[in-house]
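Spelled out from the first residue to the last, the chains are:
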Amino acid sequence: MADYVRNLWYMAAWDHEIPDGGMLSRTLLGEKWLIASLSDGTYAMLADSCPHRFVPLSKGKLEADVIHCPYHGLGFDRTGTCVHSPFPGPPPAHVRARTMPVILRHRALWFWPGDPNKADARLIPDFGFVDRDGMQRSHLVIQGHYELVTDNLMDLTHIEFLHVESFGVNGSIFAGRQSVVTDESGAIWNNWDMEAVPAPAWAAPMVADGARVDQWLYMRWHAPAAMALTVGLSRTGTERRDMVVPEMVNPHIITPETSTSSHYFYDHEATREAEVLARKVFIEEDEPMIEAAQQSLGTRDFWDARPAILETDAGAIRARRRMMQLRRAEAADEAQVGN
Amino acid sequence: MADYVRNLWYMAAWDHEIPDGGMLSRTLLGEKWLIASLSDGTYAMLADSCPHRFVPLSKGKLEADVIHCPYHGLGFDRTGTCVHSPFPGPPPAHVRARTMPVILRHRALWFWPGDPNKADARLIPDFGFVDRDGMQRSHLVIQGHYELVTDNLMDLTHIEFLHVESFGVNGSIFAGRQSVVTDESGAIWNNWDMEAVPAPAWAAPMVADGARVDQWLYMRWHAPAAMALTVGLSRTGTERRDMVVPEMVNPHIITPETSTSSHYFYDHEATREAEVLARKVFIEEDEPMIEAAQQSLGTRDFWDARPAILETDAGAIRARRRMMQLRRAEAADEAQVGN
Amino acid sequence: MADYVRNLWYMAAWDHEIPDGGMLSRTLLGEKWLIASLSDGTYAMLADSCPHRFVPLSKGKLEADVIHCPYHGLGFDRTGTCVHSPFPGPPPAHVRARTMPVILRHRALWFWPGDPNKADARLIPDFGFVDRDGMQRSHLVIQGHYELVTDNLMDLTHIEFLHVESFGVNGSIFAGRQSVVTDESGAIWNNWDMEAVPAPAWAAPMVADGARVDQWLYMRWHAPAAMALTVGLSRTGTERRDMVVPEMVNPHIITPETSTSSHYFYDHEATREAEVLARKVFIEEDEPMIEAAQQSLGTRDFWDARPAILETDAGAIRARRRMMQLRRAEAADEAQVGN
Chain G
1 MADYVRNLWY
11 MAAWDHEIPD
21 GGMLSRTLLG
31 EKWLIASLSD
41 GTYAMLADSC
51 PHRFVPLSKG
61 KLEADVIHCP
71 YHGLGFDRTG
81 TCVHSPFPGP
91 PPAHVRARTM
101 PVILRHRALW
111 FWPGDPNKAD
121 ARLIPDFGFV
131 DRDGMQRSHL
141 VIQGHYELVT
151 DNLMDLTHIE
161 FLHVESFGVN
171 GSIFAGRQSV
181 VTDESGAIWN
191 NWDMEAVPAP
201 AWAAPMVADG
211 ARVDQWLYMR
221 WHAPAAMALT
231 VGLSRTGTER
241 RDMVVPEMVN
251 PHIITPETST
261 SSHYFYDHEA
271 TREAEVLARK
281 VFIEEDEPMI
291 EAAQQSLGTR
301 DFWDARPAIL
311 ETDAGAIRAR
321 RRMMQLRRAE
331 AADEAQVGN
Chain R
1 MADYVRNLWY
11 MAAWDHEIPD
21 GGMLSRTLLG
31 EKWLIASLSD
41 GTYAMLADSC
51 PHRFVPLSKG
61 KLEADVIHCP
71 YHGLGFDRTG
81 TCVHSPFPGP
91 PPAHVRARTM
101 PVILRHRALW
111 FWPGDPNKAD
121 ARLIPDFGFV
131 DRDGMQRSHL
141 VIQGHYELVT
151 DNLMDLTHIE
161 FLHVESFGVN
171 GSIFAGRQSV
181 VTDESGAIWN
191 NWDMEAVPAP
201 AWAAPMVADG
211 ARVDQWLYMR
221 WHAPAAMALT
231 VGLSRTGTER
241 RDMVVPEMVN
251 PHIITPETST
261 SSHYFYDHEA
271 TREAEVLARK
281 VFIEEDEPMI
291 EAAQQSLGTR
301 DFWDARPAIL
311 ETDAGAIRAR
321 RRMMQLRRAE
331 AADEAQVGN
Chain Z
1 MADYVRNLWY
11 MAAWDHEIPD
21 GGMLSRTLLG
31 EKWLIASLSD
41 GTYAMLADSC
51 PHRFVPLSKG
61 KLEADVIHCP
71 YHGLGFDRTG
81 TCVHSPFPGP
91 PPAHVRARTM
101 PVILRHRALW
111 FWPGDPNKAD
121 ARLIPDFGFV
131 DRDGMQRSHL
141 VIQGHYELVT
151 DNLMDLTHIE
161 FLHVESFGVN
171 GSIFAGRQSV
181 VTDESGAIWN
191 NWDMEAVPAP
201 AWAAPMVADG
211 ARVDQWLYMR
221 WHAPAAMALT
231 VGLSRTGTER
241 RDMVVPEMVN
251 PHIITPETST
261 SSHYFYDHEA
271 TREAEVLARK
281 VFIEEDEPMI
291 EAAQQSLGTR
301 DFWDARPAIL
311 ETDAGAIRAR
321 RRMMQLRRAE
331 AADEAQVGN
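Protein chains in written order, with the UniProt record's numbering: chain G, 1 to 339; chain R, 1 to 339; chain Z, 1 to 339.
Each hint should be verified, as a subset may be incorrect.
Unchecked claim - Selected chain R positions facing chain G (Cβ under 10 Å, derived; list incomplete):
1) Lys59
2) Pro86
3) Phe87
4) His94
5) Leu277
6) Ala278
7) Phe282
Keep in mind the hints are simulated off the structure, nothing from the lab. Don't be surprised by glycine CBs; every beta carbon is placed ideally from N, CA and C.
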């Protein structure tokens with residue numbers, strides 16, 4: 001279960017999670033890493049385990065962009081080089097901390113666990129919309145494999161069941177038309193169009209009594225599990241750009257913590273009410289369901305458990321297949337290198 | 001440790017544990033199952049893991065004898081057939097939930113995890129005595145392999161040590177005579193007869209001062225671990241049917257929850273006092289001892305740990321040997337099917 | 001990780017941890033053992049798992065130097081022989097509890113998990129200094145492999161970082177000279193001499209203003225991990241025996257609890273202040289660091305994790321190498337016995 005695809009950008013944290021000039025420790029892809037905020041506004045990412053006696057460097061001090069081990073005082077720079085020793089003589093050159101490329105983009109830190117020479121920043125998916133006013137960016141951990149979370153997000157029909165109390169939906173999703181497309185950037189879109197349906201409860205006050213609306217839910221997916229949801233609503237018969245409310249786009253970015261748990265990065269309006277709703281949906285509704293699915297799977301691989309496939313899984317399955325292809329390609333590359 | 005014998009009736013629950021028209025989720029033989037109470041008074045038993053995305057069906061709704069998944073709304077009937085889909089078109093016929101035969105008998109639900117064609121209801125052991133007034137039927141979980149619980153029950157000499165405070169015993173059990181017999185139904189009886197011994201504390205007021213009594217403790221065992229204890233007491237020199245108090249029979253039915261934990265189904269008089277005593281005996285006295293034995297065994301098989309065998313183990317060992325024969329027979333059958 | 005060297009003396013407990021005429025249960029080298037205080041002032045050590053049904057004998061009763069099982073009443077003497085049965089007839093001679101040699105010395109109980117014929121009491125390292133007035137002997141458990149604790153103690157330079165708040169050190173340790181020597185008893189000494197350094201904060205009132213001192217920290221190690229720390233301080237230019245305060249010696253004796261946790265036996269002055277300081281240093285400073293190192297190592301062997309080696313590790317590495325030699329020698333002996 002732990003054969004992560006390595007040559008991809010993964011999200012490590014929101015920028016506000018790392019204190020200015022400070023460090024954050026986080027388990028990512030099964031290992032502890034620290035993210036350090038440096039004086040030039042960039043970041044460094046080091047294995048959070050001193051190469052000398054394996055203690056967490058993040059419990060030490062960050063001074064002048066050098067991370068000092070809390071145990072015996074060795075200091076490491078952003079490249080993982082030991083640049084300070086408390087003892088006479090030069091720092092031991094053979095002592096090196098592991099590092100990964102890390103880049104700040106769209107208020108998020110992105111890291112590349114594979115070959116650093118392939119870490120092209122242009123491959124980071126576009127989440128430019130994240131950087132807007134009035135939003136609060138949040139993080140939680142879900143006790144399930146990251147692809148179970150992808151399944152959840154790439155099939156939004158579950159909102160009629162799991163989130164029926166939170167969203168006041170009315171069954172109109174079942175009248176929707178699903179389309180799954182892959183765009184030129186390689187993103188997979190799972191699109192759900194509902195035409196001439198009754199307005200959802202939250203929008204009813206904004207449309208004429210009894211008037212029909214068109215609604216769309218478009219989920220964009222980039223490997224490994226960086227998703228963006230677009231929600232739109234227009235009066236039926238009008239142009240789609242004549243929307244009842246402005247189209248909303250939100251990030252749903254998933255990063256494996258371990259083979260059975262996932263980081264979930266999302267945002268919501270910076271109000272107490274929106275925060276409470278988001279937590280209800282994610283923590284009380286989605287999380288227990290995904291965790292129960294994980295427990296049911298246990299240590300089995302998803303496919304070994306012979307899941308039934310529904311038509312509505314088309315987007316989720318295309319994403320899973322993409323990840324499988326990437327895993328196989330990396331395994332083949334490694335086998336070749338081994339020869 | 002998890003090679004359960006499958007072609008046997010196991011007890012899943014007392015009938016009152018399943019709400020009318022509702023569901024109960026329970027881990028049995030290492031897997032989660034749900035028991036649903038249907039409108040015709042019978043029950044259904046389905047794997048508590050939706051065949052689509054493995055979430056617990058028991059968290060969904062039971063409506064008109066159809067179990068609706070809480071995640072994406074598929075509905076399953078008692079045969080595990082998908083009979084409802086929220087989307088247009090027929091329900092997906094290839095999506096099936098696993099089921100097991102389940103029968104209500106003697107206020108208990110009995111399930112058959114093996115070949116359904118062999119699930120003959122006449123093989124359910126007779127616990128007819130359970131259905132009597134004034135009794136409360138209870139359930140607890142013990143953190144130990146079910147055969148460690150069998151050992152406990154098939155050698156009641158431990159009441160002189162483990163339950164000495166609860167039962168006010170007086171050592172007379174050591175003057176007893178043990179006999180182990182197999183009856184025509186295949187049940188193994190571990191019988192303990194104490195002749196001309198002082199009356200136990202609880203019976204003393206009912207016999208003449210200093211008069212001797214005959215006491216008997218008969219434990220009946222059916223595979224895998226369905227036991228019934230008969231306790232009797234008569235004045236020495238009288239016929240056994242001339243009892244001081246009516247003979248008492250109580251169920252002690254054990255079902256594996258996992259390879260290291262067990263369901264324990266028992267009953268007691270429906271008084272607060274009897275409930276407190278039963279909980280003291282089972283939860284404070286037996287449970288910690290069996291749990292400690294399990295921890296000491298760890299993942300080792302019982303026989304690999306080379307237990308010392310005492311004469312008083314005769315009944316317990318005969319039951320263990322029976323289970324071993326059944327396991328071997330099933331393994332041989334499976335090997336043959338494989339050829 | 002669990003290939004303990006068996007032909008060595010390990011410390012099990014301080015004498016005051018075992019009640020007079022009572023028992024202590026403790027996990028040692030991955031197994032539960034009981035230590036019983038006998039009427040002649042000596043001790044017995046038995047596997048804390050009855051050979052009959054594996055329950056903890058320590059939950060039973062110790063009467064007249066016989067340990068009675070709480071489950072079915074078998075009684076065992078100090079040799080592990082079953083000397084009592086509640087049933088008619090002689091006790092079952094084939095039922096034996098495992099034992100280990102155990103000796104009281106220097107207020108501590110020492111046990112020998114290997115071949116009892118090799119258990120020569122003269123091999124117990126000398127901790128005679130432990131038996132002095134005004135000291136409190138203590139015990140705690142550290143969630144790390146015992147050799148990670150050895151590493152900690154055999155490289156005291158960490159006090160400048162990890163204990164900088166507790167000990168008010170001032171960097172003078174970096175001016176020290178390390179020497180690692182093996183004495184005729186086989187003990188490895190990691191010695192740290194600091195000459196003509198400023199007095200540490202605690203000693204400043206006792207030396208003339210601005211006067212320099214010589215300080216020494218000598219850690220003595222015996223296999224597997226029985227250590228003693230000598231701390232001394234004299235005015236620079238005087239003889240070392242002309243000390244500012246009397247030389248202090250303290251035990252730091254480590255015994256594996258499991259392959260990832262360790263017993264730590266230490267002492268300190270019998271004052272509330274000294275107790276608080278010791279707990280701060282061991283529990284708040286050392287323990288979390290060693291536990292984090294263990295978590296980072298996970299199930300990997302120390303050497304498989306390719307630790308960087310520093311000059312200051314010389315003592316720790318010599319101790320690790322000694323343990324490796326002892327392990328290999330025992331493995332070779334066992335292989336030979338197998339032939």
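Hints versus structure:
1. Lys59: Since the shortest Cβ distance to chain G is 7 Å, the answer is holds.
2. Pro86: holds (5 Å)
3. Phe87: holds (6 Å)
4. His94: holds (6 Å)
5. Leu277: violated (36 Å)
6. Ala278: violated (31 Å)
7. Phe282: Violated: closest Cβ of chain G sits about 28 Å from phenylalanine 282(R), beyond 10 Å.
Taken one by one, the earlier hints fail for this structure at numbers 5, 6, 7, listed in ascending order.
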